[in-house]
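There are 2 protein chains.
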Amino acid sequence: MEKLTTSEQLNSFIDSHDTFLFDCDGVLWEGSNVFPNVREAMQLLRSKGKKIFFVTNNSTKSRAAYLEKFKKVDIEANLEEVFSSANATAAYLKYVVKFPADKKVYVVGMAGITQELEAEGIRCFGGLDDAGAHDVDEIPDDPEVGAVVVGLDIHINYYKYCKAFTYLHNDPKRLFLLTNADSTFPTHGTIFPGAGSIATPLMTALERQPDAILGKPRLNMLESILAEHHLDPKKTCMIGDRLDTDIDFGNRGGLTTLCVLTGVTKENKLKSEDNTIKPTYYVDSFGDFASLSN
Amino acid sequence: MEKLTTSEQLNSFIDSHDTFLFDCDGVLWEGSNVFPNVREAMQLLRSKGKKIFFVTNNSTKSRAAYLEKFKKVDIEANLEEVFSSANATAAYLKYVVKFPADKKVYVVGMAGITQELEAEGIRCFGGLDDAGAHDVDEIPDDPEVGAVVVGLDIHINYYKYCKAFTYLHNDPKRLFLLTNADSTFPTHGTIFPGAGSIATPLMTALERQPDAILGKPRLNMLESILAEHHLDPKKTCMIGDRLDTDIDFGNRGGLTTLCVLTGVTKENKLKSEDNTIKPTYYVDSFGDFASLSN
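Sequences listed follow chains U and Y, in order.
The numbering of the first sequence is this note's numbering, which starts it at 163 and goes up by one.
The numbering of the second sequence is this note's numbering, which starts it at 163 and goes up by one.
Here chain U stands alone, though its shape is the one from the complex (with noise of 0.2 Å):
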């Protein structure tokens, strides 16, 4: 674990890899504020020829959502350079549980993973339209629910829970997906709780974990992503914030990885004795790049 601080560091790092794959929260942005010399280290990457993809276990905008994002705080990102755990759950549904065309999804997050679902051609239901108040009566049950996902919601309420809850508790069948587990996510220069926090009740109340969780640290997207575009694992470079998510991913998946401190980990918790998951480099901000384009 190396921290790079001189130009030379920085500058080797960057010849080494041919390929950046970027969390985004607490990487580029924390909500909507873009972190200093982000853009700059971003064009520095663009001119040597890098290829750049996001890595976002962000599942509440789709990624024609994200793109938005990207243009309003002006990086560039193609649709091809995006993925997320919402998009990851809506491909593993369709290419891997080969979810029936005459079952739907009952979703509790918010429209980025509707708007995946729907892309992919799978029916689904609640998301934005079960926010708000809502009487929490008798729940009957749909025998068209063969899945329940949740991602991070902050519409969350007693209704979804006891929506989400009676399907999968009437049949422990029906599919169980969480797209990211995340406890925390940086925002407004502290952290809130994240989509693995917002699903805990399900997995207490109904005393099971999910089928599956399709959001970093488990590599189906980087699995997407080296298949779709032929890339080499040892040239390529994990950045990100987490430890658990982006970090575990990136190690498990043999690339480099790189862990700023502009999001959830601090120096202290990357240092301490307890930390069992180690990035090869850490640097202060993604902006430190900038100063080589000086």
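Check the hints yourself; a few may be wrong.
Note that identical chains are pooled: a pair holds if it fits in a single copy or bridges any two copies.
Straight-line Cα separation of at most 20 Å, EDC-like style, residue types lysine to aspartate or glutamate; simulated pairs [what the hints assert, rightly or not]:
{"#": "1", "residue 1": "Lys433", "residue 2": "Glu369"}
{"#": "2", "residue 1": "Lys233", "residue 2": "Asp446"}
{"#": "3", "residue 1": "Lys428", "residue 2": "Asp333"}
{"#": "4", "residue 1": "Lys260", "residue 2": "Glu282"}
It should be emphasised that the hints constitute simulated quantities derived from the structure, not laboratory data.
On a predicted model such as this, the values are computed, not experimentally measured, just so you know.
Start from chain U and add chain Y according to the hints.
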């Protein structure tokens, strides 16, 4: 573990006890439906001069409001017979913690908690005031917060999770109390997620367990009842529907225990090899005792 079915068994059970502690949801009623013959069975115990207490993990109503419910469903009860996890939480803060007068409690839960806290002179906020839609923007810290209390909350939302998380994350010395840890509770002929499930996002995001859980199977309420009413534990029986709260509570408190099958626990679970919490007796329903009054 003996199943009581004959009049002889039922009679002998009653005669060998002076005092009966009752769980309510799943034993006497489910929602607003009183189970068959419960009124008659309760009247039989009263006519035999038995002492009766209601020991509920339900924190949604204050004891005064709970008494209204008894009146509404026409089951005799007095205020001093009712013990709830909300009241136990307020008593714990007042007498055990000696919660400072210049501090206040943030409540994730229903009116039962805020009303019981206020009845003990403990300042609190949140509760029903934080129901409904709220922007989850930056959450300012409040130095007056000394504790966060979480109970079942059918108005749970992301704002409350973020607020509770923020207070406990900002200052780990703040107390984190859970009224009760029931993962589910019986309602509408099925079960829904309980307080112990609703609280788990905080435990997961904070990587922290509550400092205290006040409801059954913790013995706080039993200690209060035994001390106030000078009861003989050997002649006292706990009647409940949940193994990991009611029956564990009675067993650990040195009482005899009776499990009813009208609530969360089904006979196959009770008898399964995995079940380590065995009641002294069990019966299909508490209403079965009404047959003795014929």
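Evaluated hints:
For the homomeric pair lysine 433 and glutamate 369, the shortest alpha-carbon distance between copies (18 Å) is at most 20 Å, but the shortest distance inside one copy (35 Å) is not. Within a single copy, lysine 233 and aspartate 446 get their C-alpha atoms no closer than 25 Å, and across copies no closer than 64 Å, so neither meets the 20 Å cut-off. In this homomeric assembly, lysine 428 and aspartate 333 come within 20 Å of each other (Cα to Cα) only across copies, at 17 Å, whereas the closest approach inside a single copy is 43 Å. For the homomeric pair lysine 260 and glutamate 282, the shortest alpha-carbon distance inside one copy (11 Å) is at most 20 Å, but the shortest distance between copies (58 Å) is not.
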